[in-house]
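Number of protein chains: 2
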Amino acid sequence: MVLPPSRDLRVPGEPPFSGIQTRKQSEATMNILEGIYSRRSIRNFTDKPVEQRDVLEIIKAGTWAPSGLNNQPWRFVIIRSSGVRNSLARLTRYGTIVKNAPICIAVFVDRDAMYDNAKDHQAMGACIQNMLLAIHALGLGAVWLGEILKNAEAVRLLLELPDTNELMAVVALGHPASRDQQSQRKDISEVILNEC
Amino acid sequence: MVLPPSRDLRVPGEPPFSGIQTRKQSEATMNILEGIYSRRSIRNFTDKPVEQRDVLEIIKAGTWAPSGLNNQPWRFVIIRSSGVRNSLARLTRYGTIVKNAPICIAVFVDRDAMYDNAKDHQAMGACIQNMLLAIHALGLGAVWLGEILKNAEAVRLLLELPDTNELMAVVALGHPASRDQQSQRKDISEVILNEC
Numbered sequence: 003m004v005l006p007p008s009r010d011l012r013v014p015g016e017p018p019f020s021g022i023q024t025r026k027q028s029e030a031t032m033n034i035l036e037g038i039y040s041r042r043s044i045r046n047f048t049d050k051p052v053e054q055r056d057v058l059e060i061i062k063a064g065t066w067a068p069s070g071l072n073n074q075p076w077r078f079v080i081i082r083s084s085g086v087r088n089s090l091a092r093l094t095r096y097g098t099i100v101k102n103a104p105i106c107i108a109v110f111v112d113r114d115a116m117y118d119n120a121k122d123h124q125a126m127g128a129c130i131q132n133m134l135l136a137i138h139a140l141g142l143g144a145v146w147l148g149e150i151l152k153n154a155e156a157v158r159l160l161l162e163l164p165d166t167n168e169l170m171a172v173v174a175l176g177h178p179a180s181r182d183q184q185s186q187r188k189d190i191s192e193v194i195l196n197e198c
Numbered sequence: 003m004v005l006p007p008s009r010d011l012r013v014p015g016e017p018p019f020s021g022i023q024t025r026k027q028s029e030a031t032m033n034i035l036e037g038i039y040s041r042r043s044i045r046n047f048t049d050k051p052v053e054q055r056d057v058l059e060i061i062k063a064g065t066w067a068p069s070g071l072n073n074q075p076w077r078f079v080i081i082r083s084s085g086v087r088n089s090l091a092r093l094t095r096y097g098t099i100v101k102n103a104p105i106c107i108a109v110f111v112d113r114d115a116m117y118d119n120a121k122d123h124q125a126m127g128a129c130i131q132n133m134l135l136a137i138h139a140l141g142l143g144a145v146w147l148g149e150i151l152k153n154a155e156a157v158r159l160l161l162e163l164p165d166t167n168e169l170m171a172v173v174a175l176g177h178p179a180s181r182d183q184q185s186q187r188k189d190i191s192e193v194i195l196n197e198c
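Chains A and B supply the protein sequences, listed in that same order. Each residue of the first sequence is one higher than the one before, counting from 3 in our numbering. Each residue of the second sequence is one higher than the one before, counting from 3 in our numbering.
No wet-lab data here; the hints were simulated from the structure.
Where chains are identical, the list cannot tell them apart; a pair therefore holds if satisfied intra-copy or between any two copies.
Straight-line distance between alpha carbons at most 20 Å, and here's what the computed SDA-like set of lysine to any residue pairs gives: (1) K188 / N167; (2) K152 / L71; (3) K188 / R113; (4) K101 / E197; (5) K188 / D112; (6) K152 / N88; (7) K101 / D49; (8) K152 / G97; (9) K50 / G141; (10) K50 / N102; (11) K188 / G70; (12) K101 / N196; (13) K152 / N119; (14) K152 / T94.
Required output: the full structure, derived from the provided sequences and hints.
As structure tokens, then:
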């Protein structure tokens, strides 16, 4: 593949968040297709802390998803506190993961920014997938928790957010304790309905 | 970043589709974060045809998105025919793009595979984002068309699909006529609601 020679990869208008620089792109060299195919859900983590610059890079990657009308409806809460994670853990069947992950990122949609349920939920999925790929590229691992949405309101109240924010997912992340996860997909011949 | 030394990147149980091998991963070397930040919507294409192996790689990348319960609700129709693209073009305000793109991929959700509207729509968004990133990694360009969903039923009938399939997006793709597209995102400080 030949890339255009002079593409500018800088993100326009990007000041550092809270004075902390996000990670330089050159540090994460996994290629896109490799990353897409080798990413797995990681549910067990080591005790090694996750650097703040990585957390911010992950969120930044999420925000570079496309959204309808570029409405960017995504909002994030970074949860490191073990107290908060323990409370969160009681709201899901997968509490052990939430308790043991060094960080959870709760991903919300801002209802005031929405314009179409299906399209906005698609945009949120694109955002979360960017986050998972960025996590993988940074040598970290994560699992996308959806079951906790049954307690979306309780999560919102726990995090003391206004009711314009609706929980879309919790991403639990950290340094993977192992990397032997397997996954399966249908062959593409099963999902291509037609060609014309 | 240090990758685990012996990770097996092969996709398990992957026979070629229609006897055609998909592209080798080593040919697409753009790294993940670079790809996420430099991807832009491409609406103008050259006449150069898109190779079938690239189309299949793009769909395969889509299928490696995560989905709730691994239900893989995505289905695809590959549209090369100019006759079909011209009919499709009449169903959207962005008909010129559909007419001039060498290929459109219509992305459907299989209602019979769904289990939760919001979560399945998120999975579809993750799938489409994987496709857009794969397209970008392969040196191609694309735009995610959502406005055409106002005519989702007409698209389904045009493509002669059973009513269990619901249109989620049309991805128009090809070789970019130019690469000077700009895009903007909120700074992450605007979308991080809290940190605890």
